[in-house]
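**Student:** Here's the letter readout for the chains.
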Amino acid sequence: MKPSADLPSTKSPAAEPRDRGGPAQPLLIVEGLRKHFPLKGLPFTRRPVVQAVDGVSFAVKKGETLGIVGESGCGKSTTARLLMHLIEPDAGTIVFDGDPVGGLRGISVRDLRRQMQMVFQDSYSSLNPRAQIADIIAFGQIAHGRDATEARERAHDLLARVGLAPHLFARRYPHELSGGQRQRVNIARALAMDPRLVLLDEAVSALDKSVEAQVLNLLQDLKQDLNLTYIFISHDLNVVRYMSDRVVVMYLGRIVEIGEVEALYRQPRHPYTRALLSAVPTLDPRRRTEAPPLTGDPPNPINPPSGCRFRTRCPFAEGVCADRTPILAAIGEGVDHAVACHMDTAGSGHSKAPAAPVSSLEAAE
Amino acid sequence: MNVHAHFVAQLHGARPIADPAASDALVDVEDMTVTFRSRERVVHAVNGVSFSLRRGEVLGILGESGSGKSVTLRALMRLLPDHAQVGGKVVVAGHDVARLDESRLEDVRGRAISMIFQEPMTALDPVFTIGEQIAETVRRHEGCDRRTAEARALDLLDMVQIPSARRRLKAYPHEMSGGMRQRAMIALALSCRPSVLLADEPTTALDVTVQIQVLLLLRKLQKELGMAVIFVTHDVGAAIEVSDRLAVMYAGRFVETGTAIDMIETPRHPYTNGLLDSMLSGDKRGQRLETIPGAPPSLGQAPAGCSFAPRCRFAATSCTLALPEPTAFSPTHTARCFRMDTKAERFAMLADA
Numbered sequence: 602m603k604p605s606a607d608l609p610s611t612k613s614p615a616a617e618p619r620d621r622g623g624p625a626q627p628l629l630i631v632e633g634l635r636k637h638f639p640l641k642g643l644p645f646t647r648r649p650v651v652q653a654v655d656g657v658s659f660a661v662k663k664g665e666t667l668g669i670v671g672e673s674g675c676g677k678s679t680t681a682r683l684l685m686h687l688i689e690p691d692a693g694t695i696v697f698d699g700d701p702v703g704g705l706r707g708i709s710v711r712d713l714r715r716q717m718q719m720v721f722q723d724s725y726s727s728l729n730p731r732a733q734i735a736d737i738i739a740f741g742q743i744a745h746g747r748d749a750t751e752a753r754e755r756a757h758d759l760l761a762r763v764g765l766a767p768h769l770f771a772r773r774y775p776h777e778l779s780g781g782q783r784q785r786v787n788i789a790r791a792l793a794m795d796p797r798l799v800l801l802d803e804a805v806s807a808l809d810k811s812v813e814a815q816v817l818n819l820l821q822d823l824k825q826d827l828n829l830t831y832i833f834i835s836h837d838l839n840v841v842r843y844m845s846d847r848v849v850v851m852y853l854g855r856i857v858e859i860g861e862v863e864a865l866y867r868q869p870r871h872p873y874t875r876a877l878l879s880a881v882p883t884l885d886p887r888r889r890t891e892a893p894p895l896t897g898d899p900p901n902p903i904n905p906p907s908g909c910r911f912r913t914r915c916p917f918a919e920g921v922c923a924d925r926t927p928i929l930a931a932i933g934e935g936v937d938h939a940v941a942c943h944m945d946t947a948g949s950g951h952s953k954a955p956a957a958p959v960s961s962l963e964a965a966e
Numbered sequence: 122m123n124v125h126a127h128f129v130a131q132l133h134g135a136r137p138i139a140d141p142a143a144s145d146a147l148v149d150v151e152d153m154t155v156t157f158r159s160r161e162r163v164v165h166a167v168n169g170v171s172f173s174l175r176r177g178e179v180l181g182i183l184g185e186s187g188s189g190k191s192v193t194l195r196a197l198m199r200l201l202p203d204h205a206q207v208g209g210k211v212v213v214a215g216h217d218v219a220r221l222d223e224s225r226l227e228d229v230r231g232r233a234i235s236m237i238f239q240e241p242m243t244a245l246d247p248v249f250t251i252g253e254q255i256a257e258t259v260r261r262h263e264g265c266d267r268r269t270a271e272a273r274a275l276d277l278l279d280m281v282q283i284p285s286a287r288r289r290l291k292a293y294p295h296e297m298s299g300g301m302r303q304r305a306m307i308a309l310a311l312s313c314r315p316s317v318l319l320a321d322e323p324t325t326a327l328d329v330t331v332q333i334q335v336l337l338l339l340r341k342l343q344k345e346l347g348m349a350v351i352f353v354t355h356d357v358g359a360a361i362e363v364s365d366r367l368a369v370m371y372a373g374r375f376v377e378t379g380t381a382i383d384m385i386e387t388p389r390h391p392y393t394n395g396l397l398d399s400m401l402s403g404d405k406r407g408q409r410l411e412t413i414p415g416a417p418p419s420l421g422q423a424p425a426g427c428s429f430a431p432r433c434r435f436a437a438t439s440c441t442l443a444l445p446e447p448t449a450f451s452p453t454h455t456a457r458c459f460r461m462d463t464k465a466e467r468f469a470m471l472a473d474a
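Chains as they are written, first to last, in our numbering: chain D, 602 to 966; chain F, 122 to 474.
It should be emphasised that the hints constitute simulated quantities derived from the structure, not laboratory data.
Glycine included, each C-beta is placed from N, C-alpha and C at the ideal position.
Hints are not guaranteed to be accurate.
Listed below are several chain F residues computed to face chain D (Cβ distance under 8 angstroms; list not exhaustive) [as the list claims (entries may be wrong)]:
id, residue
1, L200
2, G299
3, R406
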């Protein structure tokens, strides 16, 4: 592919030359992604393992924003790093626009990173402190074979695009910028390779509210103008609701619920999603929260509970929850809303579960 | 919980450090200024803050980074470095904080006024167990024997709802989860029954399901112990959950103060408006967010007029010349702004012009 020096904004959304699978093909399909980190243990004993990500599957449609929420240790950031191949997954497949990543017939990790870029939470540690802003943005392009002058020109264009006047900022160093400005630089760098998918890992979490709003507006504009697809990872449920079209809720390395944003926020199905949403502090001083929805902290991912990992904090847990792992399944036919809970699985043996389909047939006869 | 009730009774009964004006304000701050002077630069971090706080009241101070909210809190306990110059009057539980000598200050800290921080891992000593740290504090202030101090430590861990408290006494900070550490720090701060508790972003580093537990715990303890609490945060939601009164801070000044209901339902200062508008809630999907243009001022010079004027869409020339005095809209609600109209009125004026 010949690198183009055109401003990305001139690209028409309809004519995406790199589109391979067509509009119905999800841009990214993740299947059975797993990463366990072994820890140091005592000799002659089984080494403890952190089950950071344990069998995560989802798809990202073209042009959508997929939000991923969860608390610390739920595996959302590990998932992002696995997608970028910053760490190697133990198992699982990643398919980018119809092409499997790695393997003989698929696209290489290098090709994947041309099309998929990432913005990290810590805007300072992700920028080289000894390099000027324009060089930081040009670096990746040069590494991918673009001419140096061309790359610097493009860096200036991108700075303007993210709202930083090039004549003021191009020659500055990261420490001379505020947190919001640095995050704009990180966004510009991510866009330098003309990516189709941008992974935003807590990209606005370290910013003050008024600055956060400015950056969120910028991200929305860029998405529209450049025809981007986002994976937006955050612990802030309000921000995820604002940004996302669909949302994934993770708990201890697994997906507990996934669905269209408003359906999921208005009618959460999984007990964890419900607790998470009602734990958000209210903005209404006349109706303050009276009781915490959950007690205790999330358990340690080193030895996660058997079966359903949420059962130790779940008010509805029963024997079946410890014995069997609930499967993530759609809550109805043709509904884009799936939940992994025995209470939503017909015939699971949970007292609140709907009756098994077999018995309902029998009842009809 | 019997032990707990007993402890609360104890807290109400004995109050060894006397407050001369116990009926009145526990915290009385008048025109406080804090200036950091070093060889390279001067920073006017706090520029004239006044407030008072009575027993049992909770004041939430809301502000973004650099607004001076943490500095204000630290000045109340004289925790600022030597190159900080504090001006104005700061009286806490009857003690003029600026005039206390070192040994007196050590008595007042922990006993009359105490503080919890954002990051318990750095506030707790990593080489002592939680129990040892609490018992040491109790013995230092009350001179009781080891056994009594340890019993108190156990009561305190029960009070902050740490499960299997007896076992946790022997735990080191790194062995606990973030939420448990934050509870342990609250127990430590309350160990000498302070009448004033300062909380500096205590739930910011916590997960949302843990954050709400700690917020509700703080509210419960504050009610039971009758403490005055100053709760500093950048999170409007967290502030509303615990505070009776709110103060919005910008560039080292309280720009608006009022009850939580005043501030949310009828905010008067354009900065408060902007802050609330940039908050995200469910109904904003698909809309552009209202933002406050620009960035907070550098505090290299003491601001002459209204510090918010350069970012304010309603600013007039008068705004940059003189400092607006606090205008009272009700007995509880004041704002420092020359444009005293409501948000709707201001927008109507903009439209007319």
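**Student:** Indicate, hint by hint, whether the structure satisfies it.
**Tutor:** So, going through the hints one by one against the coordinates:
1. L200: 23 angstroms, violated
2. G299: Given a least distance of 7 angstroms, the restraint on G299 of chain F holds.
3. R406: With a closest approach of 6 angstroms, the R406 of chain F hint holds.
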